[in-house]
Amino acid sequence: MSEDRLSRVFAALADPTRRDIVARLAVGDATVSQLAAPYNVSIQAVSKHLKVLEDAGLVTRSQDAQRRPRHLEAEVFDMMTAWIERYRRQAEERYRRLDAVLASMDDDKSKPTINKGAAS
Amino acid sequence: MSTNATHEAETRQTTIEADPNLPTIRIIRDFDAPPEKVFRAWIEPDLVVQWLGPKSTEMRIDKWDADTGGNYRYVAIQNGEEVAAFYGSFHEVRPSERLVQTFTWEGMPDGVSLETMTFEDLGNGRTRTIGLSVVENLETRDAIMASGMDVGVNEGYEKLDALLAQG
Numbered sequence: 070m071s072e073d074r075l076s077r078v079f080a081a082l083a084d085p086t087r088r089d090i091v092a093r094l095a096v097g098d099a100t101v102s103q104l105a106a107p108y109n110v111s112i113q114a115v116s117k118h119l120k121v122l123e124d125a126g127l128v129t130r131s132q133d134a135q136r137r138p139r140h141l142e143a144e145v146f147d148m149m150t151a152w153i154e155r156y157r158r159q160a161e162e163r164y165r166r167l168d169a170v171l172a173s174m175d176d177d178k179s180k181p182t183i184n185k186g187a188a189s
Numbered sequence: 008m009s010t011n012a013t014h015e016a017e018t019r020q021t022t023i024e025a026d027p028n029l030p031t032i033r034i035i036r037d038f039d040a041p042p043e044k045v046f047r048a049w050i051e052p053d054l055v056v057q058w059l060g061p062k063s064t065e066m067r068i069d070k071w072d073a074d075t076g077g078n079y080r081y082v083a084i085q086n087g088e089e090v091a092a093f094y095g096s097f098h099e100v101r102p103s104e105r106l107v108q109t110f111t112w113e114g115m116p117d118g119v120s121l122e123t124m125t126f127e128d129l130g131n132g133r134t135r136t137i138g139l140s141v142v143e144n145l146e147t148r149d150a151i152m153a154s155g156m157d158v159g160v161n162e163g164y165e166k167l168d169a170l171l172a173q174g
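Quick mapping for you: the protein sequence lines, in order, are chains H and U.
Quick note on the numbering used here: the first sequence kicks off at 70 and runs consecutively.
Quick note on the numbering used here: the second sequence kicks off at 8 and runs consecutively.
It should be emphasised that the hints constitute simulated quantities derived from the structure, not laboratory data.
Treat the hints with caution; some may be incorrect.
[As the list claims (entries may be wrong)] Chain U residues, not near chain H, derived (Cβ > 12 angstroms throughout): (1) Ala-91; (2) Arg-105; (3) Pro-116; (4) Thr-123.
[Unchecked claim] If we take Cβ atoms under 10 angstroms as the criterion, some of the chain U residues that face chain H in the derived model are: (5) Lys-44; (6) Trp-49; (7) Met-152.
In this text, a Cβ means the ideal position worked out from N, Cα and C, and glycines have one as well.
Here chain H stands alone, though its shape is the one from the complex (with noise of 0.2 angstroms):
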């Protein structure tokens, strides 16, 4: 995934309606109404929500005309979390030389090794 789509991706569920929407859309597609109708907003400002989530690729509407069900596309959360985990891991990797740099200081415990420049 790019950084900008992942940008999006973030900026996207910045916002806790559109979380929410989210979390709706993972249970089952659902139309514009229904989405809108647990909220104290209109249908447009749903809308509006819904265009974040859908230029996000997290969203998209099925074929059906009429009705328009969105549909959550799981897969972008999947690469999401790939990404997060792919940072995990380098900051695990890096974590590791300092579990190994740990248990070879076990040797030399009381001995100083602050050094600053020049030894003495």
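Following the hints, position chain U against chain H.
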């Protein structure tokens, strides 16, 4: 999360938290060493160079004054060439408890992150480190996470494998 030593393999795994609403990255990791020792590995230059840099690069420290108000600069060297340089200040060095630094990659001189590392004593000679990075905006945070921040990150895990093989 269990802190039982018999579960150390699973509890040592790094966890990452990226808040959808805030330009932050939180990195949490447990270590099998007391806070004093983990802290030393974070501030003593001869120890830092052994683990902080990406595996495919050598880390050369140009300046390292790890006291409150001090500063640092280091470069990453790959095949004898400098490929990246980083600098910042040590805002606070509170031994064995807390380390606060600014961090700038010289390739993006207007960018700066605030790095707060907290060292929690878990008892039984173990420590939990919680690293919080705060950057300018969500786009920057996402770009950092997408790029992996490190230089040469795609070079795999050979260095790690080698370390682990040494036992």
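ask   = Out of the numbered hints, which ones does the structure contradict?
value = Violated hints: none; all satisfied.
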